[in-house]
Amino acid sequence: MSSDIMMLLIKSLGQTLYMVIISMLIASALGIPLGILLVTTAKEQILQCTTFNRILAGIINAVRSIPFIILMVAIIPFTRLVVGTSIGTTAAMVPLTIAAIPFIARQVENSIKEVPYGLIEAALSLGATPAQIIRHVLLPEALSSIISQLTTVIIGLIGASAMAGTIGGGGIGDLAIRYGYQRFRPDIMLITVIILIILVQLVQFIGNYIAFRLNKK
Amino acid sequence: MIKLSHIKKIYETPSGPLQALKDVSLTIEDGDIYGIIGLSGAGKSTLVRCINMLERPTSGTVEIDGHDLTKMNNRQLREIRKNIGMIFQQFNLLSSATVYENVAFPLKLSGTDNKIIEKKVTSLLQLVGLQPKAGQYPSQLSGGQKQRVGIARALASNPAILLCDEATSALDPQTTQSILKLIRRINEQLHLTVVIITHEMQVIKDICNKVAVIDHGVIAETGSVIKVFTEPQEAITREFISVLLSDELPSAFRNQPISPTPIEAGYLLLRLTFIGENADEPVIMRLIKEHPGIDVSILFGDLDQIQMIPYGRMIIGIKGPQAAVTAASKWLEQQDLKAEVIGYVKRHNDAVD
Numbered sequence: 000m001s002s003d004i005m006m007l008l009i010k011s012l013g014q015t016l017y018m019v020i021i022s023m024l025i026a027s028a029l030g031i032p033l034g035i036l037l038v039t040t041a042k043e044q045i046l047q048c049t050t051f052n053r054i055l056a057g058i059i060n061a062v063r064s065i066p067f068i069i070l071m072v073a074i075i076p077f078t079r080l081v082v083g084t085s086i087g088t089t090a091a092m093v094p095l096t097i098a099a100i101p102f103i104a105r106q107v108e109n110s111i112k113e114v115p116y117g118l119i120e121a122a123l124s125l126g127a128t129p130a131q132i133i134r135h136v137l138l139p140e141a142l143s144s145i146i147s148q149l150t151t152v153i154i155g156l157i158g159a160s161a162m163a164g165t166i167g168g169g170g171i172g173d174l175a176i177r178y179g180y181q182r183f184r185p186d187i188m189l190i191t192v193i194i195l196i197i198l199v200q201l202v203q204f205i206g207n208y209i210a211f212r213l214n215k216k
Numbered sequence: 000m001i002k003l004s005h006i007k008k009i010y011e012t013p014s015g016p017l018q019a020l021k022d023v024s025l026t027i028e029d030g031d032i033y034g035i036i037g038l039s040g041a042g043k044s045t046l047v048r049c050i051n052m053l054e055r056p057t058s059g060t061v062e063i064d065g066h067d068l069t070k071m072n073n074r075q076l077r078e079i080r081k082n083i084g085m086i087f088q089q090f091n092l093l094s095s096a097t098v099y100e101n102v103a104f105p106l107k108l109s110g111t112d113n114k115i116i117e118k119k120v121t122s123l124l125q126l127v128g129l130q131p132k133a134g135q136y137p138s139q140l141s142g143g144q145k146q147r148v149g150i151a152r153a154l155a156s157n158p159a160i161l162l163c164d165e166a167t168s169a170l171d172p173q174t175t176q177s178i179l180k181l182i183r184r185i186n187e188q189l190h191l192t193v194v195i196i197t198h199e200m201q202v203i204k205d206i207c208n209k210v211a212v213i214d215h216g217v218i219a220e221t222g223s224v225i226k227v228f229t230e231p232q233e234a235i236t237r238e239f240i241s242v243l244l245s246d247e248l249p250s251a252f253r254n255q256p257i258s259p260t261p262i263e264a265g266y267l268l269l270r271l272t273f274i275g276e277n278a279d280e281p282v283i284m285r286l287i288k289e290h291p292g293i294d295v296s297i298l299f300g301d302l303d304q305i306q307m308i309p310y311g312r313m314i315i316g317i318k319g320p321q322a323a324v325t326a327a328s329k330w331l332e333q334q335d336l337k338a339e340v341i342g343y344v345k346r347h348n349d350a351v352d
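Protein chains in written order, with numbering that gives the first Met the number 0: chain A, 0 to 216; chain B, 0 to 352.
No wet-lab data here; the hints were simulated from the structure.
Bear in mind the structure is a predicted one, so any value in this text is a computation, not a measurement.
Heads up, a few of these hints could be off.
[Claimed, not checked] If you want a taste of the chain A side facing chain B, the calculated C-beta under 7 Å gives, among others:
(1) E43
(2) A56
(3) G57
(4) N109
(5) K112
(6) E113
(7) G117
(8) L118
(9) A121
(10) L125
(11) Q131
(12) L138
(13) P139
(14) K216
Glycine included, C-beta positions come from ideal geometry on N, C-alpha and C.
Kindly generate the complete structure, drawing on both the sequences and the hints.
Structural data, given as structure tokens:
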């Protein structure tokens with residue numbers, strides 16, 4: 000394999016990692032609190048506010064129901080507003096982040112729901128504030144499960160980032176389409192697939208390991 | 000003093016309102032170990048949660064040392080809850096925290112200095128006998144040890160009240176005994192008022208000084224444990240007691256018609272209850288001595304202690320000339336014990352024992 004192709008692979012892998020890591024970080028920073036709110040504002044929970052809960056759940060469902068490729072194109076004006084351009088790797092991160100936020104919120108919601116209500120009750124009986132319950136009970140107790148769920152989100156993002164090529168985002172998936180498919184280069188197709196498999200396996204392995212180490216149950 | 004007045008709790012359920020508590024009033028004095036017993040669904044868990052307002056009563060007042068909790072805002076409630084420890088059937092320990100961290104949790108919540116936390120947690124772990132387990136996680140502990148952690152955690156903020164919600168129901172009998180002993184020790188050493196919710200009369204008998212029987216959201220009966228045990232007023236109370244105090248007749252008399260009037264070749268059965276000092280009196284010997292014409296058979300006997308007070312129960316059968324039997328029965332009723340006439344019963348002919 001020529002060094003040009005090698006450079007192309009490394010560059011594409013870098014773009015993929017850049018897109019996935021940055022959008023994952025931003026989406027987590029927004030999605031995790033939303034996931035917590037989804038649980039805690041529900042009926043008979045510590046921050047009960049059912050109207051807010053219904054609106055939030057509705058928005059999350061709406062965003063989640065848009066296929067990623069459509070979302071990417073549909074929010075181009077917003078993307079331009081946020082990063083100043085609607086094409087390129089950085090531009091691709093905006094729809095990736097937007098798509099990941101509700102995904103993370105739902106996954107975190109599921110993890111936190113697994114924390115037995117008895118623990119919340121115990122904390123309340125000790126005089127804990129809602130913020131203390133979130134900080135000292137819900138998050139630490141659900142952490143192992145949240146890590147597992149976030150691993151799934153990362154893998155989903157790696158998949159979605161392949162579509163970033165549509166708006167010139169680059170990345171491994173884009174390379175596979177442009178070289179492997181459109182230029183009839185089965186060797187490049189094969190190697191991109193192998194890289195993706197290794198990447199996903201690695202993410203899953205690390206996620207599982209961290210989740211296992213955190214689980215004291 | 001904990002004073003619950005006219006507590007009502009109504010839950011809105013899809014199938015209509017459900018009245019869990021219907022006008023419950025209770026007074027629990029300082030230093031009491033107060034038992035609340037009821038079947039599942041009787042409302043006892045709701046009741047205990049009203050004491051620390053984990054459940055807000057629909058109406059009624061909850062007073063602790065004269066302060067009405069139902070009028071407090073969340074901030075005031077959080078403060079007063081630090082004065083009310085609670086332990087649970089399922090222990091409710093943080094699985095991601097060590098034994099030490101679990102006990103330190105309430106102190107951390109109130110922003111206590113780490114040095115003070117360390118001192119306090121160490122002494123609490125010593126109190127519950129779990130010092131060597133400080134660094135372990137709850138999943139590595141047995142049920143009894145988990146409940147000890149729960150107790151230590153509940154005591155961390157020096158509460159005056161300890162609420163126990165079915166605290167021993169998930170434990171085996173030996174472990175239950177050791178946990179109850181610990182609770183009693185805490186009650187004595189730290190002068191804690193303890194409220195115990197249970198469905199087991201054994202727990203009430205072993206540790207409580209007062210009891211309230213709750214049934215379908217109402218208090219059926221309250222009083223000192225010894226009084227409720229010896230003179231139960233309600234059917235539900237008798238039912239709870241009968242689990243512990245079986246007084247079935249021996250098989251030779253079982254399933255025989257009981258007649259209030261003398262029958263031929265019948266025994267007059269009497270149920271005798273001795274409480275306190277008179278449990279030591281040689282009543283049966285005197286009965287036989289003073290009424291030479293009768294035969295006395297002891298059909299059932301049991302000596303127990305409730306609240307350290309000896310408590311004996313016996314069923315005897317008297318047989319002989321009618322006049323002597325009546326005289327003996329009269330004599331017994333005048334003694335310092337409780338004698339209750341069951342009636343005249345004939346012995347089975349096909350009795351096996």
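Here's how the hints hold up against the structure:
1. With a cut of 7 Å, the hint placing E43 of chain A at the interface with chain B is violated, because the nearest CB-to-CB distance is about 10 Å.
2. At its closest, the beta carbon of A56 of chain A sits 20 Å from a beta carbon of chain B; the interface hint therefore is violated under the 7 Å criterion.
3. Among the interface hints, the one on G57 of chain A is violated; its C-beta lies about 22 Å from the nearest C-beta in chain B, farther than the 7 Å criterion.
4. Given hint, N109 of chain A at the interface with chain B, is violated; its Cβ is 17 Å from that chain's nearest Cβ, farther than 7 Å.
5. Evaluation of the K112 of chain A hint against chain B yields a violated restraint, the C-beta minimum of about 16 Å exceeding 7 Å.
6. Violation of the interface hint for E113 of chain A is found here, the shortest Cβ-Cβ separation to chain B being roughly 11 Å, above the 7 Å cut-off.
7. This hint holds: G117 of chain A has a C-beta 4 Å from the nearest C-beta of chain B, less than the 7 Å allowed.
8. Given the 7 Å rule on beta carbons, the hint for L118 of chain A holds: about 5 Å separates it from the nearest Cβ of chain B.
9. Of the supplied interface hints, the one on A121 of chain A holds, with its beta-carbon coming within about 4 Å of a beta-carbon of chain B, less than 7 Å.
10. Using the Cβ-Cβ criterion of 7 Å, the hint placing L125 of chain A at the interface with chain B is satisfied: the shortest such distance is roughly 4 Å.
11. Look at Q131 of chain A: its Cβ gets to within about 6 Å of chain B, closer than 7 Å, so that hint holds up.
12. Using the Cβ-Cβ criterion of 7 Å, the hint placing L138 of chain A at the interface with chain B is not satisfied: the shortest such distance is roughly 9 Å.
13. Annotation: interface hint on P139 of chain A holds; nearest CB of chain B at approximately 4 Å, less than 7 Å.
14. With its C-beta approaching chain B no nearer than about 5 Å, K216 of chain A sits inside the 7 Å limit, and its interface hint holds.
Comparing the model with each earlier hint shows violations of hints 1, 2, 3, 4, 5, 6 and 12; every other hint is respected.
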